[in-house]
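Counting in numbering that gives the first Met the number 0, the sequence shown runs from 0 upward without gaps.
None of the hints are false.
Below, in silico cross-link-like pairs of lysine to any residue (SDA-like), each with a Cα-Cα straight-line distance of 25 angstroms or less:
no., residue 1, residue 2
1, 48, 256
2, 48, 67
3, 26, 2
4, 198, 32
5, 48, 95
6, 157, 65
7, 130, 98
8, 157, 189
9, 48, 254
10, 198, 31
11, 198, 81
12, 197, 4
13, 198, 83
14, 157, 180
15, 223, 29
16, 223, 16
17, 197, 217
18, 100, 111
19, 26, 226
20, 48, 289
21, 198, 118
22, 48, 59
23, 130, 112
24, 197, 125
Simulated from the structure, these hints should not be mistaken for laboratory data.
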Amino acid sequence: MIERLLTFESGSFDPFENLAIEQHLLKTQSSGCCLLYLWQNQNTVVIGKNQNPYSECRVALLEAEGGHLARRLSGGGAVFHDLGNLNFTFLVPTADYDLAKQQRVLLTACQSFGIPAELSGRNDLLADGRKFSGNAFYHNGPHSYHHGTLLVDVDGEKLARYLTPSRAKLAAKGVASVRSRVVNLLELCPTLTIDGLKKALVAAFEQVYGLPSAPRRFTEADDKRVQELREIYQSPAWRLGKRFDCTFRCEDRFSWGSVEIELTLAEGRVQRAVVYSDDMDFAFPPALEQALTGCPLNGVDLAQALTSVPHGADILTLLQQQEM
Numbered sequence: 000m001i002e003r004l005l006t007f008e009s010g011s012f013d014p015f016e017n018l019a020i021e022q023h024l025l026k027t028q029s030s031g032c033c034l035l036y037l038w039q040n041q042n043t044v045v046i047g048k049n050q051n052p053y054s055e056c057r058v059a060l061l062e063a064e065g066g067h068l069a070r071r072l073s074g075g076g077a078v079f080h081d082l083g084n085l086n087f088t089f090l091v092p093t094a095d096y097d098l099a100k101q102q103r104v105l106l107t108a109c110q111s112f113g114i115p116a117e118l119s120g121r122n123d124l125l126a127d128g129r130k131f132s133g134n135a136f137y138h139n140g141p142h143s144y145h146h147g148t149l150l151v152d153v154d155g156e157k158l159a160r161y162l163t164p165s166r167a168k169l170a171a172k173g174v175a176s177v178r179s180r181v182v183n184l185l186e187l188c189p190t191l192t193i194d195g196l197k198k199a200l201v202a203a204f205e206q207v208y209g210l211p212s213a214p215r216r217f218t219e220a221d222d223k224r225v226q227e228l229r230e231i232y233q234s235p236a237w238r239l240g241k242r243f244d245c246t247f248r249c250e251d252r253f254s255w256g257s258v259e260i261e262l263t264l265a266e267g268r269v270q271r272a273v274v275y276s277d278d279m280d281f282a283f284p285p286a287l288e289q290a291l292t293g294c295p296l297n298g299v300d301l302a303q304a305l306t307s308v309p310h311g312a313d314i315l316t317l318l319q320q321q322e323m
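Using the sequences provided together with the hints, build the complete structure.
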C-alpha cells in the first residue's frame with residue numbers, strides 16, 4: 000500500500016546521467032513509497048533495451064550533429080528527446096504497481112490545461128487523435144517503474160531525421176511518417192510551459208494518490224553511485240550492443256511488435272543468435288536467443304525449442320518461411 004509520495008527533478012540534461020539516476024532511484028526505493036521522477040535530455044535518441052540502434056536511428060548523423068544515442072532498461076521502441084520534451088518515471092514497489100493509477104496522473108495533469116488527453120492501448124497517450132506520450136515499463140523483482148515522454152514543443156524535423164522506423168511499423172499504424180502521428184501539446188495549449196507541466200504533474204500526483212509529496216534528497220553516496228552507473232550507460236558496449244558477422248537474418252512485424260533475428264549457422268545448427276525487438280516485454284529477446292542457440296535447423300527441434308518462448312508460434316512460422 001502506498002503511504003508516502005516523493006518527487007525528484009533532475010537538473011541535468013545528460014541522458015546517461017539521467018538514466019543512471021533512474022536506475023539508482025529504482026534500486027533505492029523503499030516499500031510503501033511511490034516516487035515521481037521528472038527529467039529532460041538534450042538532443043537524444045533513446046532506444047529500448049533490446050533494439051538494434053542501427054535499425055532504429057541514423058546513429059552517425061545524430062552524433063555528427065552533437066546528439067546522443069542512449070539505451071534504457073525497459074523494452075519498447077525508440078524515442079527522440081530534446082528540451083521541448085518532459086520525461087517522467089513512476090518508481091514503485093512491484094507489489095504496489097498500478098499502471099491505471101499512474102496513467103491517471105498523466106491524464107489529470109494534461110486535462111487541467113484543457114487538453115483532451117486519452118489513453119490508447121497499453122502504452123500511448125493521445126490528444127486530437129495523435130500521440131503525445133509513449134510509455135514503457137520495467138519490472139525487476141520487488142522493484143518496478145513506468146516511464147515515458149510528454150511532447151510539449153519537440154523539434155519535429157529532428158525527430159523525423161534521426162528516427163528510422165520500419166515501413167512495416169508505419170504500415171501497421173496506418174501512417175506515412177513519424178511526424179504525422181505525433182502532436183506537441185503546445186499546439187493544443189499555446190500557454191503551456193515545461194515548468195507549468197511539471198507543477199501540474201506533481202499536483203495531479205498528490206490528487207490521484209490522496210497524499211502530500213516531499214522531495215527526495217541525494218547524499219554524496221547517491222551522487223557517487225549515479226556517476227558509476229553513468230559510465231555504464233555511456234559505454235559503447237551498452238549503447239550499441241552486440242554485433243557479429245551473421246550468416247542468416249530475417250525480420251517481421253506482428254501485433255505484439257517487431258523482431259529482427261540474426262544467426263550464425265554451422266553444421267545444421269544455430270551457433271549464435273542475436274534478437275532485437277521493440278516488444279514491451281524486455282525479457283523476450285534474451286529468452287529467444289537462449290532457445291535458438293544450439294538448436295538444430297529442422298522444424299521438429301525448432302518447434303520444441305520455441306514452445307516455452309513468448310510469441311514462439313509466430314517465431315516458428317517466421318523461421319519456417321525462410322530459406323535457411
